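Given only the sequences and the hints, what does the whole structure look like? Please build it.
Number of protein chains: 6
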Amino acid sequence: MPYVNIKVTGDEEAPTKEQKQKLIEGVTKLIGDVLGKNTSNLVVVIEEIPMDNYGIGGLTVRERRKSKK
Amino acid sequence: MPYVNIKVTGDEEAPTKEQKQKLIEGVTKLIGDVLGKNTSNLVVVIEEIPMDNYGIGGLTVRERRKSKK
Amino acid sequence: MPYVNIKVTGDEEAPTKEQKQKLIEGVTKLIGDVLGKNTSNLVVVIEEIPMDNYGIGGLTVRERRKSKK
Amino acid sequence: MPYVNIKVTGDEEAPTKEQKQKLIEGVTKLIGDVLGKNTSNLVVVIEEIPMDNYGIGGLTVRERRKSKK
Amino acid sequence: MPYVNIKVTGDEEAPTKEQKQKLIEGVTKLIGDVLGKNTSNLVVVIEEIPMDNYGIGGLTVRERRKSKK
Amino acid sequence: MPYVNIKVTGDEEAPTKEQKQKLIEGVTKLIGDVLGKNTSNLVVVIEEIPMDNYGIGGLTVRERRKSKK
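Chains as they are written, first to last, in full-length UniProt numbering: chain A, 1 to 69; chain B, 1 to 69; chain C, 1 to 69; chain D, 1 to 69; chain E, 1 to 69; chain F, 1 to 69.
Just so you know, the hints here were simulated from the structure itself, not pulled from any lab data. Just so you know, these numbers come straight off a predicted model, no measurement behind them. Be aware that one or more of the hints could be misleading.
Chain copies aren't distinguished; within one or between two, either way the pair holds.
Here are the computed lysine-lysine pairs in the DSSO-like style, where the Cα-Cα straight-line distance is at most 30 Å [unchecked claim]:
#1 K37 to K68
#2 K17 to K66
#3 K29 to K68
#4 K37 to K66
#5 K37 to K17
#6 K17 to K68
#7 K29 to K66
#8 K17 to K29
#9 K37 to K22
Structure below.
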């Protein structure tokens, strides 16, 4: 029974409830299809990381967004 | 010095302060007893995941709880 | 740019190279579709955990498989 | 259904099969007792980290062990 | 493209925005220098763990701080 | 006492012992300097992920390297 952890940016970029349900559904189906495993107890955890706490290429996502404006 | 990470559902299912202290104490003692390691600096992190972000078998915990009512 | 971590059992239950490519492809596409994010740098890590190191319901997967024979 | 991840040093400090089973059993029981949750599908993953890859206080565990001889 | 996750205590011990930017910058530069990798898409995630959820040596950080007063 | 986890590609791209020691030393010093914390027990874990298990933008690192030849 695999375990999946998805980290995404939160704050104003946070996924909606519907998007989270779709991600959980989609990942669970994908793993069932590809690995042929019983997924009835497969755990998917989505963690929303604040934009000041998520760095890409040395800059926080918050700073990156500002520099793109 | 091992490191332990425990993910549980948060929101109304979040563990109480006392429960968290018991988990930290219990896991630390267990690892000391089983592995015979010095646990004076053993780190245990408990992460509370919102019920909309915790999926089991393709459904969010929030949806699972509703469907059981 | 989300980050995805998938933990599965290894040893004789380890996914094949093709299955790993399918999981990486599928998860990346899913996140792009659902969140509408640029996924050109999305990281997916698959970790294969030995069956003696993966516990479900208090038993290692190794033990669970034996008890099902 | 909580998820637990335990990182310990591997190589010659790796836990034995019996110790891993005891850790899985013990953590599962502890969480059941403390949180009163159904643990029949609780996942515990033990990851063995090579001593050259595990740093404490700025030194790898390998180096720390040498300096204690 | 490495992925880095830093867990620190939150609440009144949470790092400031400037400290988080410095950590992200510093870790990204360090990995670029040491591993010679292109770090333009290197992901660094900083997770702030509440002091009641962070255990060291069997006690929550909250309790440890109290006992030091 | 923060906890740091670094995931890098393994196999022929794995960091050397010296590089791992430098990463551990560097990250520990950085956190001490930026957060002013006692780092004598700070844990840094480096995980080497096989190139078939590390996906970027929908392709395994193995495939990406081939397509760049």
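- [ ] State whether the alpha carbon distance between K37 and K68 is at most 30 Å within one copy, between copies, both, or neither.
- [x] between (43 Å within a copy, 16 Å between copies)
Task: Up to 30 Å CA-CA - K66 versus K29, copy category - done: Answer is between: at 21 Å across copies they meet the 30 Å cutoff, but 37 Å inside does not.
- [ ] Please work out whether the CA atoms of K37 and K22 approach to 30 Å or closer within one copy, between two copies, in both situations, or in neither?
- [x] Both: 19 Å inside a chain and 15 Å across chains, each within 30 Å.
Task: Up to 30 Å CA-CA - K66 versus K37, copy category - done: Intra 44 Å, inter 17 Å, cutoff 30 Å: inter-copy only.
- [ ] Please work out whether the CA atoms of K17 and K66 approach to 30 Å or closer within one copy, between two copies, in both situations, or in neither?
- [x] both (26 Å within a copy, 15 Å between copies)
Task: 30 Å Cα threshold - placement of K68 relative to K17 - done: Result: close both inside a copy and across copies, 27 Å intra and 19 Å inter.
TODO: If the cutoff is 30 Å on CA atoms, where do K37 and K17 land: within, between, both or neither? Let me know, please.
DONE: Both. Shortest intra-copy (26 Å) and inter-copy (17 Å) distances satisfy the 30 Å Cα cut-off.
TODO: Tell me, please, which holds for K29 and K68 at an alpha-carbon limit of 30 Å: within, between, both or neither?
DONE: between (36 Å within a copy, 22 Å between copies)
Open item on the list: As a check of your reading, is K17 near K29 (CA-CA no more than 30 Å) within one copy, between copies, both or neither?
Closed with: This pair counts as both: shortest intra-copy Cα distance 18 Å, inter-copy 19 Å.
Checked against the numbered hints above, the structure breaks none of them.
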